[in-house]
Amino acid sequence: MSAPRPVEDLVDVDRPAWPWVQGLIAKSELPVEVLPVGPESAQRTLHRLQVTAGSALGAIALHTGGLIIDNWVRLLGGGGALPALGEYEEVGKMTVGYDLLGGRFALNGTALDGPPGGLWYWAPDTLEWESIDSTYSGMLEWFLGGALTKFYADCYWPDWRNEAIRAAPWEGITLFPPPFTKEGTKADQVRRKIVDMSLLLDLYVDTARQLAGKGPDDLVAVQAPAARA
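When you line the sequence shown up against my numbering, it's residues 1 to 229, in that order.
In case anyone wonders, no lab produced these hints; they're calculated from the structure.
Hints should not be assumed to be uniformly reliable.
[Stated by the list, open to error] Result set (DSSO-like, lysine-lysine): computed pairs, CA atoms no more than 30 Å apart in a straight line:
no.: 1; residue 1: Lys-27; residue 2: Lys-150
no.: 2; residue 1: Lys-193; residue 2: Lys-150
no.: 3; residue 1: Lys-150; residue 2: Lys-186
no.: 4; residue 1: Lys-182; residue 2: Lys-193
no.: 5; residue 1: Lys-150; residue 2: Lys-182
[What the hints assert, rightly or not] The calculated label-pair distances, taken between Cβ atoms and stated as ranges, are:
no.: 6; residue 1: Thr-126; residue 2: Ile-194; range: 31 to 39 Å
no.: 7; residue 1: Gly-23; residue 2: Asp-159; range: 27 to 35 Å
no.: 8; residue 1: Trp-20; residue 2: Asp-113; range: 24 to 32 Å
Here the structure is a predicted model, which means the values were calculated and not measured.
Where a beta carbon is used, it is the ideal one built from N, C-alpha and C, also for glycine.
Using the sequences plus the hints, can you model the full thing?
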(Lines of atoms letter the chains of each structure in order from A; the text may use other names.)
(Lines give C-alpha, C1' and ligand atoms only; values in the text may rest on other atoms or scores of the structure.)
Protein backbone atom coordinates (compact mmCIF):
# COMPACT_ATOMS: atom_id res chain seq x y z
CA MET A 1 0.00 0.00 0.00
CA SER A 2 1.43 3.35 -1.01
CA ALA A 3 1.86 6.13 1.53
CA PRO A 4 -0.80 8.87 1.60
CA ARG A 5 0.03 11.91 -0.48
CA PRO A 6 0.89 15.01 1.54
CA VAL A 7 -1.79 17.66 1.67
CA GLU A 8 0.44 20.13 -0.18
CA ASP A 9 0.39 17.88 -3.24
CA LEU A 10 -3.40 17.67 -3.08
CA VAL A 11 -3.90 21.42 -2.75
CA ASP A 12 -1.35 22.66 -5.29
CA VAL A 13 -2.74 21.61 -8.68
CA ASP A 14 -2.49 23.19 -12.11
CA ARG A 15 -6.23 23.24 -12.72
CA PRO A 16 -8.22 23.65 -9.50
CA ALA A 17 -11.90 22.80 -9.79
CA TRP A 18 -13.17 25.51 -7.46
CA PRO A 19 -13.58 28.17 -10.18
CA TRP A 20 -15.70 25.68 -12.12
CA VAL A 21 -17.86 25.03 -9.04
CA GLN A 22 -18.16 28.77 -8.40
CA GLY A 23 -19.36 29.20 -11.98
CA LEU A 24 -22.07 26.60 -11.49
CA ILE A 25 -23.21 28.33 -8.30
CA ALA A 26 -23.21 31.77 -9.93
CA LYS A 27 -25.31 30.56 -12.87
CA SER A 28 -27.74 28.53 -10.79
CA GLU A 29 -31.31 29.83 -10.60
CA LEU A 30 -31.69 28.09 -7.24
CA PRO A 31 -30.54 29.65 -3.96
CA VAL A 32 -27.22 28.17 -2.87
CA GLU A 33 -25.64 28.73 0.54
CA VAL A 34 -21.90 28.10 0.74
CA LEU A 35 -21.15 27.13 4.32
CA PRO A 36 -17.86 28.41 5.75
CA VAL A 37 -14.96 26.11 6.62
CA GLY A 38 -11.74 26.59 8.56
CA PRO A 39 -8.47 25.95 6.68
CA GLU A 40 -7.27 23.25 9.07
CA SER A 41 -10.51 21.29 8.85
CA ALA A 42 -10.60 21.69 5.06
CA GLN A 43 -7.05 20.44 4.56
CA ARG A 44 -7.56 17.60 7.02
CA THR A 45 -10.62 16.51 5.05
CA LEU A 46 -8.78 16.71 1.74
CA HIS A 47 -5.92 14.62 3.14
CA ARG A 48 -8.35 12.03 4.49
CA LEU A 49 -10.09 11.75 1.12
CA GLN A 50 -6.80 11.67 -0.81
CA VAL A 51 -8.34 13.57 -3.71
CA THR A 52 -6.91 16.72 -5.22
CA ALA A 53 -8.32 20.22 -5.44
CA GLY A 54 -8.56 19.54 -9.16
CA SER A 55 -11.63 17.37 -8.56
CA ALA A 56 -15.10 18.65 -7.77
CA LEU A 57 -15.16 16.63 -4.56
CA GLY A 58 -11.80 18.04 -3.52
CA ALA A 59 -12.89 21.58 -4.32
CA ILE A 60 -16.00 21.28 -2.15
CA ALA A 61 -13.94 19.79 0.69
CA LEU A 62 -11.23 22.46 0.51
CA HIS A 63 -13.32 25.58 0.01
CA THR A 64 -16.64 24.94 1.76
CA GLY A 65 -18.20 23.51 4.87
CA GLY A 66 -20.85 22.19 2.49
CA LEU A 67 -23.50 23.50 0.13
CA ILE A 68 -27.19 23.94 0.87
CA ILE A 69 -29.07 23.95 -2.42
CA ASP A 70 -32.58 25.40 -2.50
CA ASN A 71 -32.84 24.86 1.28
CA TRP A 72 -33.42 21.19 0.42
CA VAL A 73 -30.17 19.35 -0.32
CA ARG A 74 -27.18 19.49 2.02
CA LEU A 75 -23.90 18.48 0.40
CA LEU A 76 -21.06 17.79 2.82
CA GLY A 77 -17.77 19.66 2.60
CA GLY A 78 -14.76 20.22 4.81
CA GLY A 79 -16.63 20.32 8.12
CA GLY A 80 -18.28 22.90 10.33
CA ALA A 81 -22.06 23.14 10.50
CA LEU A 82 -22.23 19.76 8.74
CA PRO A 83 -20.01 16.69 9.19
CA ALA A 84 -16.93 16.66 6.99
CA LEU A 85 -16.70 14.33 4.03
CA GLY A 86 -15.34 11.01 5.25
CA GLU A 87 -15.51 12.11 8.89
CA TYR A 88 -17.29 8.93 9.89
CA GLU A 89 -16.03 5.53 8.81
CA GLU A 90 -18.27 3.73 6.34
CA VAL A 91 -17.80 0.37 4.68
CA GLY A 92 -17.66 0.39 0.89
CA LYS A 93 -19.22 3.80 0.31
CA MET A 94 -19.05 7.44 1.41
CA THR A 95 -21.95 9.72 2.25
CA VAL A 96 -21.71 13.01 0.37
CA GLY A 97 -25.03 14.62 1.26
CA TYR A 98 -28.58 14.50 2.57
CA ASP A 99 -31.90 16.01 1.70
CA LEU A 100 -34.43 17.67 3.94
CA LEU A 101 -36.58 14.53 4.25
CA GLY A 102 -33.74 12.20 5.22
CA GLY A 103 -32.69 10.91 1.82
CA ARG A 104 -28.99 10.18 1.56
CA PHE A 105 -26.48 10.51 -1.29
CA ALA A 106 -23.37 8.33 -1.35
CA LEU A 107 -20.48 7.52 -3.64
CA ASN A 108 -20.01 3.82 -4.17
CA GLY A 109 -16.82 2.04 -3.31
CA THR A 110 -17.50 -1.67 -3.21
CA ALA A 111 -20.72 -1.89 -1.18
CA LEU A 112 -23.22 -1.29 -3.97
CA ASP A 113 -23.66 -2.64 -7.46
CA GLY A 114 -21.88 -0.80 -10.23
CA PRO A 115 -18.48 0.84 -10.59
CA PRO A 116 -16.63 2.69 -7.83
CA GLY A 117 -17.38 6.40 -7.80
CA GLY A 118 -20.96 5.97 -8.96
CA LEU A 119 -23.60 8.07 -7.21
CA TRP A 120 -26.42 6.41 -5.28
CA TYR A 121 -29.47 7.70 -3.40
CA TRP A 122 -31.13 6.05 -0.41
CA ALA A 123 -34.78 7.04 -0.66
CA PRO A 124 -36.97 7.39 2.45
CA ASP A 125 -40.08 6.42 0.47
CA THR A 126 -38.68 3.07 -0.70
CA LEU A 127 -36.05 2.44 2.01
CA GLU A 128 -33.71 1.26 -0.73
CA TRP A 129 -30.56 2.37 -2.52
CA GLU A 130 -31.18 3.63 -6.06
CA SER A 131 -28.52 4.33 -8.67
CA ILE A 132 -28.47 7.94 -9.87
CA ASP A 133 -26.37 6.94 -12.89
CA SER A 134 -24.06 9.89 -12.38
CA THR A 135 -20.77 10.97 -10.85
CA TYR A 136 -20.21 13.56 -8.13
CA SER A 137 -19.36 16.32 -10.60
CA GLY A 138 -22.33 15.29 -12.71
CA MET A 139 -24.57 15.64 -9.68
CA LEU A 140 -23.32 19.19 -9.09
CA GLU A 141 -24.04 20.15 -12.69
CA TRP A 142 -27.41 18.45 -12.58
CA PHE A 143 -28.67 19.90 -9.30
CA LEU A 144 -27.24 23.40 -9.69
CA GLY A 145 -28.54 23.45 -13.26
CA GLY A 146 -32.11 23.13 -12.00
CA ALA A 147 -32.77 19.39 -12.17
CA LEU A 148 -33.06 19.23 -8.39
CA THR A 149 -36.64 20.48 -8.55
CA LYS A 150 -37.52 17.78 -11.09
CA PHE A 151 -35.89 15.08 -8.96
CA TYR A 152 -37.99 16.08 -5.95
CA ALA A 153 -41.16 17.18 -7.74
CA ASP A 154 -43.30 14.54 -6.01
CA CYS A 155 -41.94 15.44 -2.56
CA TYR A 156 -42.91 19.10 -2.35
CA TRP A 157 -45.98 20.51 -0.62
CA PRO A 158 -47.47 23.96 -1.34
CA ASP A 159 -45.63 25.98 1.34
CA TRP A 160 -42.53 23.81 1.64
CA ARG A 161 -40.11 26.71 1.17
CA ASN A 162 -41.46 28.50 4.24
CA GLU A 163 -40.78 25.38 6.32
CA ALA A 164 -37.48 24.43 4.69
CA ILE A 165 -35.86 27.80 5.30
CA ARG A 166 -36.41 27.40 9.05
CA ALA A 167 -34.40 24.17 9.25
CA ALA A 168 -30.75 24.47 10.33
CA PRO A 169 -28.12 22.67 8.21
CA TRP A 170 -28.12 19.71 10.62
CA GLU A 171 -31.90 19.45 10.73
CA GLY A 172 -34.50 17.77 8.54
CA ILE A 173 -38.27 17.42 8.38
CA THR A 174 -39.98 14.29 9.59
CA LEU A 175 -43.28 13.26 8.00
CA PHE A 176 -46.06 11.37 9.75
CA PRO A 177 -47.30 9.05 8.51
CA PRO A 178 -43.79 8.43 7.07
CA PRO A 179 -43.23 8.39 3.30
CA PHE A 180 -42.64 4.64 3.11
CA THR A 181 -46.26 3.98 4.14
CA LYS A 182 -49.31 4.10 1.90
CA GLU A 183 -50.78 6.89 4.01
CA GLY A 184 -47.60 8.97 3.82
CA THR A 185 -47.07 9.12 0.08
CA LYS A 186 -48.33 12.70 -0.25
CA ALA A 187 -46.28 15.24 1.70
CA ASP A 188 -49.09 17.79 1.65
CA GLN A 189 -51.40 15.42 3.52
CA VAL A 190 -49.15 14.47 6.45
CA ARG A 191 -47.94 16.12 9.64
CA ARG A 192 -44.47 17.63 9.44
CA LYS A 193 -41.95 18.60 12.10
CA ILE A 194 -38.37 19.93 12.06
CA VAL A 195 -36.05 17.54 13.94
CA ASP A 196 -32.35 16.75 14.19
CA MET A 197 -31.30 14.92 11.04
CA SER A 198 -29.74 12.15 13.13
CA LEU A 199 -33.16 11.33 14.62
CA LEU A 200 -34.73 11.29 11.17
CA LEU A 201 -32.05 8.99 9.76
CA ASP A 202 -32.26 6.69 12.77
CA LEU A 203 -36.01 6.31 12.22
CA TYR A 204 -35.68 5.33 8.57
CA VAL A 205 -32.69 3.05 9.02
CA ASP A 206 -34.21 1.21 11.97
CA THR A 207 -37.47 0.77 10.07
CA ALA A 208 -35.68 -0.54 6.99
CA ARG A 209 -33.74 -3.06 9.02
CA GLN A 210 -36.86 -4.24 10.83
CA LEU A 211 -38.92 -4.60 7.66
CA ALA A 212 -36.40 -6.03 5.26
CA GLY A 213 -32.91 -5.89 6.71
CA LYS A 214 -31.77 -3.48 4.02
CA GLY A 215 -31.07 -0.15 5.70
CA PRO A 216 -28.02 1.90 4.70
CA ASP A 217 -25.26 0.46 6.86
CA ASP A 218 -22.86 2.57 8.91
CA LEU A 219 -25.24 5.40 9.58
CA VAL A 220 -23.48 8.76 9.62
CA ALA A 221 -24.58 11.01 12.45
CA VAL A 222 -25.67 14.52 11.53
CA GLN A 223 -25.70 16.64 14.65
CA ALA A 224 -25.39 20.28 15.59
CA PRO A 225 -21.74 21.42 15.75
CA ALA A 226 -21.87 21.72 19.55
CA ALA A 227 -23.01 18.11 19.83
CA ARG A 228 -20.15 16.94 17.62
CA ALA A 229 -17.46 18.97 19.41
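Do the hints match the structure? See the list:
1. Simply put, Lys-27 and Lys-150 have alpha-carbon atoms about 18 Å apart, close enough for the 30 Å limit, and the pair holds.
2. With a CA separation close to 24 Å, the supplied pair Lys-193 and Lys-150 stays within the 30 Å bound.
3. The suggested pairing of Lys-150 with Lys-186 holds, with an alpha-carbon distance near 16 Å, which does not exceed 30 Å.
4. Among the hinted pairs, Lys-182 with Lys-193 is consistent with the structure: their alpha-carbon atoms are about 19 Å apart, no more than 30 Å.
5. For the hint linking Lys-150 to Lys-182, the alpha-carbon distance of about 22 Å falls within 30 Å, and the restraint holds.
6. At roughly 23 Å, the beta carbons of Thr-126 and Ile-194 sit outside the given window of 31 to 39 Å.
7. At about 32 Å, the CB distance of Gly-23 to Asp-159 agrees with the hint of 27 to 35 Å.
8. About 30 Å separates the C-beta atoms of Trp-20 and Asp-113, a value consistent with the hinted range of 24 to 32 Å.
The structure shown violates just one earlier hint, number 6.
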